[in-house]
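Start from chain U and add chain R according to the hints.
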Amino acid sequence: MLGAFLVGGATLAFGECGTQLQPVTQTCGGHCSSVIILTCPGFGTGCEGATGDFDFGCCGQMIIQAGACQNPEVAQLREIPPTKEFLVLRDVVALRRQLLPARGLMIASCGENKNAFNEWLEAKLSRRR
Amino acid sequence: MRVFLLMVALAFITRAEGQELPSGARMLEAGSTHSLDVPPFSFFGSAQSDNEGNLYFHVDAGSFRKPVVLKLEHSSGDPTLYTLEDEGLKKTTFLNFSVAPSGQVSILSQQTDKRIYLLRFTSKGDLAEKVALDLPEYMSAQTFVAFDTGTVLVSAYYLADAPDHLRGKGLMALFDVSGKMLKNLSANTEEVDLANVSRHLTEGGGTVGPDGNMYILQANQIVVISGLGKIMRRIRFHKPEGTIASKLAVSQNLVSIWFLREGPKQKMQKQDVTAEYLVLDLLTGKPFGYYVPGKELGQAAIAVAFSGREGFTFFDTQDGHVELISSPLR
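Same order as they appear, the protein sequences are chains U and R.
Sequential numbering from 1438 applies to the first sequence in the numbering used here.
Sequential numbering from 6 applies to the second sequence in the numbering used here.
Since the hints were made in silico from the structure, they are not lab data.
Every residue, glycine too, gets a C-beta built ideally from N, C-alpha and C.
There's no promise every hint is true.
Said to hold, decoys possible - Which residues of chain R face chain U? A few of them, derived with a C-beta cut under 10 Å, are:
1. 43
2. 45
3. 47
4. 64
5. 83
6. 85
7. 288
8. 290
9. 292
Chain U extracted, bound-state conformation (with noise of 0.2 Å):
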């Protein structure tokens, strides 16, 4: 499951990309200018500046095409919006709430295990409830 998942036509890699953290800037729309995360290289986010609704360009979740680190390829343009990710990307939706069940959370990590944080985090919070 950590491998691959096959979401609205394309393959997001979760164990091909690189384990170091690093700053990078993402151009974003109006709204919100660019902004700065410290992700891993090759996963994350990447669209073209301004194309997404309500003028939030790239401050939207996009989906990376499987293969490269360095060089990315971007499965679609535009980003997705929060109403249309939650309606289309259904297995995501399913994994975000299996991990974090009542956040509906899926939060970025780096390394071998992408889900390393999630997995942390619901253990960390389920033991305090």
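Positioned in the frame of chain U, the structure of chain R alone reads:
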């Protein structure tokens, strides 16, 4: 001061190991390392901290828009997650967040009705209250600072969908606990170039200092504002060319400013970013030192915190867990 900073900005020399160091700058080196039992995670923008030294991150839950803030306890790394239930998440877009000195988390957000809301959270991470701010919808927030009293400061600019005479102009105001505008401070803002602003990281930041005043970072100055909205002081500095003044921290008698440098822009690819730091004497406003992180601080050498006692704190990963590296001032 200008001569010193001009030297820093322009006169680069090359160290033997190939790392460029501005003349007059000091190299930040790794001091003590604190390993946390926390797997690596991605986050957006600057981390924030409270009076206890706990760290707060806007974590990457799939999108910048998702209002999810993670607190890590300074010593143990125990987490608290500040976010909304699923229905709230669908309707809410993250704009910015602020941590008051006591540790109360507030998120500035926009919802599907396009209004801008302040979301205040309990210490357990649940939503305590949602307050509509007396702000128009066609704004882009740059700086957001929350006091422990519930008063907040928002600095923003008008977007292209604003009326003609407002487009690109700045707005800065204090809001009371009910969201009503207490004081309009817009005369202290500068106009932005809407055609280019979204292509670069946002300039500016803010924090509450140990004296209870707000310190608002702008391109070439820090404006010190009281809780009642009175301008107390301006601390001017020279920003090195090609950098973005993106964050500041005030601790003891020092104020530190984060200068970010964006790497070459490549279409459809992520852009590298590096940081340098100017530390000023808070009392005199004069430079205390200009710092550049050494290679041993890792690729992600953008500090997550600063204190007068411990210096800068860097976030790194090692063997599948997070490490906080202290780098004392020299």
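Hint by hint, where does the structure go against what was stated? Just the numbers, ascending. 7, 8 and 9
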